[in-house]
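Asks: What follows is each chain in one-letter form.
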Amino acid sequence: SQTIHQWPATLVQPVGSPLSLECTVEGTSNPNLYWYRQAAGRGLQLLFYSVGIGQISSEVPQNLSASRPQDRQFILSSKKLLLSDSGFYLCAWSVHSGDTQYFGPGTRLTVL
Amino acid sequence: TQLLEQSPQFLSIQEGENLTVYCNSSSVFSSLQWYRQEPGEGPVLLVTVVTGGEVKKLKRLTFQFGDARKDSSLHITAAQPGDTGLYLCAGEHTDKLIFGTGTRLQVFP
Numbered sequence: 001s002q003t004i005h006q007w008p009a010t011l012v013q014p015v016g017s018p019l020s021l022e023c024t025v026e027g028t029s030n031p032n033l034y035w036y037r038q039a040a041g042r043g044l045q046l047l048f049y050s051v052g053i054g055q056i057s058s059e060v061p062q063n064l065s066a067s068r069p070q071d072r073q074f075i076l077s078s079k080k081l082l083l084s085d086s087g088f089y090l091c092a093w094s095v096h097s098g099d100t101q102y103f104g105p106g107t108r109l110t111v112l
Numbered sequence: 001t002q003l004l005e006q007s008p009q010f011l012s013i014q015e016g017e018n019l020t021v022y023c024n025s026s027s028v029f030s031s032l033q034w035y036r037q038e039p040g041e042g043p044v045l046l047v048t049v050v051t052g053g054e055v056k057k058l059k060r061l062t063f064q065f066g067d068a069r070k071d072s073s074l075h076i077t078a079a080q081p082g083d084t085g086l087y088l089c090a091g092e093h094t095d096k097l098i099f100g101t102g103t104r105l106q107v108f109p
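If you're matching them up, the sequences are chains E and V in order.
Here the first sequence is numbered in the numbering used here, starting from 1 and rising by one per residue.
Here the second sequence is numbered in the numbering used here, starting from 1 and rising by one per residue.
Isolated chain E, as found in the complex (with noise of 0.2 Å):
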């Protein structure tokens, strides 16, 4: 079966710090990847997506970017946080674009 893993759990950095956040799938090849942010009870803002190794597409213009070095590891990164960073970053699958997408279990970032 499939499984997904983010980490950490729980972040808090002080503003400007750099971040890296990662994200892996376990039992599955080649799937969509995606980044969302989630501010406190609201819905997704998708922030990046992939589709294979080395493709990133962003959604929103923003000091974060991020990365895909290998088939089923994705990673949100920023080398300066702002105050306006904090937030839930969820990490998600899908085996293809528009399917049921598979969420992980959060980030939960605070930037002081």
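Hint data in this document are derived by calculation from the structure and do not stem from the laboratory.
It cannot be assumed that every hint is accurate.
Chain V regions said to be covered by chain E (calculated; three or more residues, Cβ under 8 Å) [said to hold, decoys possible]:
1) 61 to 70
2) 85 to 92
3) 99 to 107
Capping the alpha-carbon separation at 25 Å, the derived lysine to aspartate or glutamate pairs in DMTMM-like fashion look like this [stated by the list, open to error]:
4) V:Lys70 <-> E:Glu59
5) V:Lys56 <-> E:Glu59
6) V:Lys70 <-> E:Asp99
The model shown is predicted, which means the values in this text are computed figures rather than measured ones.
No residue lacks a Cβ here, since even glycine has one placed at the ideal position from N, Cα and C.
Starting from the known structure of chain E, fit chain V onto it as the hints suggest.
Replies: Coordinates of chain V only, in the frame set by chain E:
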């Protein structure tokens, strides 16, 4: 940009009451999915509806896809505290999944 508006945004009810959540758009979707998300966790798929007018039931939850495939509804009968969570609809459009704005449901015992 396609937009999926959900209403109401917040809903707070007593155990045993019925409720309906709406998901509306001006765009036509190939399919419509409903997810539930509990605090501190990722959303989990409840159901997918594909055909216009389709109705699916999941225990006390009834999902309907609009005839024109632009809207959907989720009806919960005799709500229970375990139904508490954030409900998200998501429409498939041109190979992308567009998520709705979310409805936060709180069911009090």
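Asks: So, for every hint listed, does it hold in this structure?
Replies: Checked hints:
Given a C-beta distance limit of less than 8 Å, the hint that chain E covers the segment 61 to 70 of chain V is violated, as 0 residues qualify and 3 are needed. Coverage of the segment 85 to 92 of chain V by chain E holds. Counting CB-CB distances below 8 Å, 4 residues qualify, and the rule asks for three or more. Look at the segment 99 to 107 of chain V against chain E: 5 of its residues bring a Cβ nearer than 8 Å to a Cβ of that chain, three or more, so the hint holds. Distance check on the hinted pair: V:Lys70 and E:Glu59 sit about 23 Å apart at the alpha-carbon level, within 25 Å; holds.
Straight-line distance between C-alpha atoms of V:Lys56 and E:Glu59 comes to about 32 Å, which puts the hinted pair past the 25 Å bound. Under the criterion of a C-alpha separation no larger than 25 Å, the hint pairing V:Lys70 with E:Asp99 is consistent with the structure, at around 18 Å.
Going through the hint list in order, the structure does not satisfy hints 1, 5.
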